[in-house]
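**Q** Taking the hints into account, I'd like the entire structure generated from these sequences.
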Amino acid sequence: MAVQEGLTAPSSPERTRLWSQTGILVLFLGPAAAYALIFLILPYASVFRFSVWAVENYGIHQELTAANYLRIAENPLYRAAIRNSLLVAGIVTTASVVIGYALAVYIAFFSGRGQSALFFLLVIPLWTSFLLRAFIWRMILGRQGILNSALLWVGVVDKPIDVLLFNMFSVCLTLTYVFIPFVALPVYAALEKIPKDLIEASMDLGGSAWVTFRRIIIPLSLPGVVTGAIFTFCLSFGDFVTPTLLGGPDVLMVSSVIINQFGASFDWPMGSALAVIVIVIVATGVALATQLERRNG
Amino acid sequence: MGEAMRRWGGGLGTLFRILGITSLLFLYLPIVVLILFSFSAGRTFTFPIIGYTTHWYAALAENSDLLRSLKNSFLVAAGVVPLTLLLGIPAAYALSRIPFRGRGVLEHVFMLPLMIPGLITGLSILLLLKEFNLGLSLFSVVLGHTVACLPVVMAQVTARLRTLDPRLEEASQDLGAGTIETFLRVVLPNLTTAIVGSALLVFILSFDEIAITFMLTGTENTLPMYIWASLRRGVSPELCAIAALMVAVSICLVFTGLRFSKSGAE
Amino acid sequence: MGSTALLKSSVREGDAIVSFDRVEKRFGEFVAIEDLSLDVRRGEFLTLLGPSGCGKTTTLRLINGFELPTRGTVAIDGQAVSDLPPFKRCVNTVFQSYALFPHLTVEENVAYGLVIKRLPRRDVESRVRDMLERVRLSDKAKRRPRDLSGGQMQRVALARALVNEPAVLLLDEPLGALDAKLRRSMQFELRRMHQDLKLTIVCVTHDQEEALTMSDRIAIMNSGELIQLGTPREVFERPTCRFVADFIGGCNFLAGSVDGAGVVKLTDGIAIKDGDSGPPRKVTIAVRPQNISLVSPEATPFTAIVRDVAYLGTMQRVALERGEVSLHADCPENYADIRPGGLVGLKFDPEHIALFEEG
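Residue numbers (this note's numbering), protein chains in the order written: chain A, 1 to 297; chain B, 1001 to 1266; chain C, 2001 to 2359.
One or more of the hints may lead you astray.
To be verified - Computed cross-link-like contacts, DSS-like style, restricted to lysine-lysine with a CA-CA straight-line distance of at most 27 Å:
id	chain 1	residue 1	chain 2	residue 2
1	A	Lys196	C	Lys2117
2	A	Lys196	C	Lys2088
3	A	Lys196	C	Lys2142
4	C	Lys2282	C	Lys2265
5	C	Lys2181	C	Lys2140
6	A	Lys196	C	Lys2140
7	A	Lys193	C	Lys2142
8	C	Lys2265	C	Lys2347
Stated by the list, open to error - In silico negatives: residues of chain C with every beta carbon more than 10 Å from chain B:
id	residue
9	Glu2133
10	Lys2181
11	Arg2191
12	Gln2208
13	Phe2253
14	Ala2261
If you're looking for bench data, these hints aren't it; they were derived computationally from the structure. Here the structure is a predicted model, which is why all the values come from computation and not from measurement. We treat Cβ as the ideally placed atom computed from N, Cα and C, and that holds for glycine.
**A** What follows is the structure in structure tokens.
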């Protein structure tokens, strides 16, 4: 962490200034950096270390091996779990981006006087427990749940629908519900930053609202979309709450497998290897999205 | 902002009004239903609702497991909020104002827990604690939450610092104040809204956190862990009442947060 | 499309291309424009000049369609345009901030209007190329706006509007963000383009020098009202009211009166001019700083005390005090005895004073 200006040979009063700047840096950044080293970098490193160890005779054998990764590659169960998670994260990200974007555009451009109240409505879900928002859907979608009873009561169906809960549909629906505000908020922030002049200039040059939306507003709000999509993809990919509460046998997700390895199976190295794969996939997703944004910016 | 869009939106405006209002209904109808059923006299979640009661709310006050988990959640948040502020504010300041080699990398490292699922952040710390033979308790939960909430504070403070004219600090130093004095007398007062905002946000994030807590808690339950455990047995009207109360608290916090940031902006 | 039809219609030069007929514009309680009637003639360079908040920008926005009149009609080429949204009007605007699209290259910015109109690609390319050449930015075609200097951005904004061959080109404080030297050269460039391309231009500015240099006619506005309309020479030499005299060129004002014999006198009785044909009344006597010459205090009863002298290169500006009244005089260094505290005599040609009614 050498101070950058330190590279050029400084005159002596400047050197004192740099010294004090280094001191400030250590004082201000030191504690947080140390904390991140101990509770962030070392732990993530442990995950990588554990992932190349293996369990033998109910004990962890600390010797370098690729056995866990090979097993993941061979075992259809693990591969299906990763595939399911990718599929769910993909569906949820797409749905949240579409709905969240529409919502943000509505609030930013077409809501009129109610704008600040609606913005308020956009923020509240972000501050409301993730767990609760997942659990609401279990209440609604169950066989004896609110939706079924309402449908029966109104007379739309004559016996409860079973396919609502404990499958990929309920997991995707719930996660989409949870993550719409995660997209809508950064998109709204990006929309608000678009200077009103640009919209007027587009219309002045003959662009209708639709043309202006497609050629000016969408490209300029892309950074917000990317931010929201990254969050949604990463968090829905690694979520274990929703699949546990609302998932069924057809949606074994990688997070549930990891929990299982750390719980019942007691195979921490295997769990760690799966965690490493999650980290790699998430990092790849983030890198791709950032690249996409950079090419368009 | 989008005055021109609204006025000449035409069909596009109609389309987005329909989409927007539908999405808002999708977001809020479930919450309305939840609150409705927290007052329902029946034990099941079926229409039509046969009668209304505040019984479930009253029962909460008698539930000692719940109250204990609530107290634990407060304890954890009470540790996490000051810890993240103390670590995060100066770090964000140093990262935005002092150039040094490796700054970009370090910024990204701090942001990692935002991207990496909480479950994995939690289990990684679990592995570390295990290697040093340290036990799990509410204290380990605080350590874990702090890792996850630090980037939230840093992002908010950095965003505010970006809009703060660095010439204010130069003016302060020109008037004879040292770096630390400048930080305390000029920078911090201008960060008040960002600090209060991130303190509220960290509080609610820690209070609602489940993934990291799931991996790191010992024998003590936090509120989300209590709800989680009860949910495994199925949904109940008591849980509805808890949920409704938590939504109410969130609304109050958001309202306070927005009011505060608005008054700060003026 | 209706806009091209409007553009191609042949009407004699000098006819009104934009006309305001008793237009009023309110924002809630606030009256931005009050009863404005004004014709913009085909082929002229008309400048709307006034202090900030005088309604000049609102007037411009009534033409490009971003505001609609509360009362009265705006017509472009004889057709009332109240129903036409901005994107259907045959006018184009150079925005004060330039409003260049940051995600598009210079070339794509200029092509925007043509691409939207779905012109054949070859036409778009050649017109954009010609236009970029005209504003001398051909080498920047592939750049993004953020890589350009202020002057270059201004020229891109101009090219982007002009390439659409608008019936009227609207300029909103076009030179406001440029430094003094660049501003002067752009004034002449705009003037040259106006003549070469036979454009009709409506320009908004608060800078009187800009208005005088570029315009065929100047419309001076204040508090939502059109105060005076005329050529630069008319508004400068024959201002119709105290506001115009002060706003354009600066002016000294002295209280006075006209007596029954047609003699104009200051309140302390010193006669300035005779032969006024009007009735006896109280008046404000206006005289520009450059029309006051300083002479020896013995030569005239009209004297003042020198407060300060500022050197302006080609002349010196003298701040004077005469009792309660402050005056300014711009004069070449012909009278040596000007020093703070000294007494000087003031003289001016009766031809160069203007009288405004009191009140």
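**Q** Now tell me, hint by hint, if it's right for this structure.
**A** Structure-based check of each hint:
1. A:Lys196 - C:Lys2117: holds, 22 Å
2. A:Lys196 - C:Lys2088: holds, 19 Å
3. A:Lys196 - C:Lys2142: holds, 25 Å
4. C:Lys2282 - C:Lys2265: holds, 10 Å
5. C:Lys2181 - C:Lys2140: Distance of about 22 Å is within 27 Å: holds.
6. A:Lys196 - C:Lys2140: Between A:Lys196 and C:Lys2140 the Cα gap is close to 26 Å, so the pair holds against 27 Å.
7. A:Lys193 - C:Lys2142: With Cα atoms ~25 Å apart, A:Lys193 and C:Lys2142 stay inside 27 Å; holds.
8. C:Lys2265 - C:Lys2347: holds, 14 Å
9. Glu2133: holds, 32 Å
10. Lys2181: Holds, because the least Cβ-Cβ distance between C:Lys2181 and chain B comes to about 27 Å, which exceeds 10 Å.
11. Arg2191: holds, 31 Å
12. Gln2208: holds, 31 Å
13. Phe2253: Per Cβ check, C:Phe2253 is outside 10 Å of chain B; nearest 41 Å; holds.
14. Ala2261: Non-interface label stands for C:Ala2261: nearest chain B Cβ at 61 Å, farther than 10 Å.
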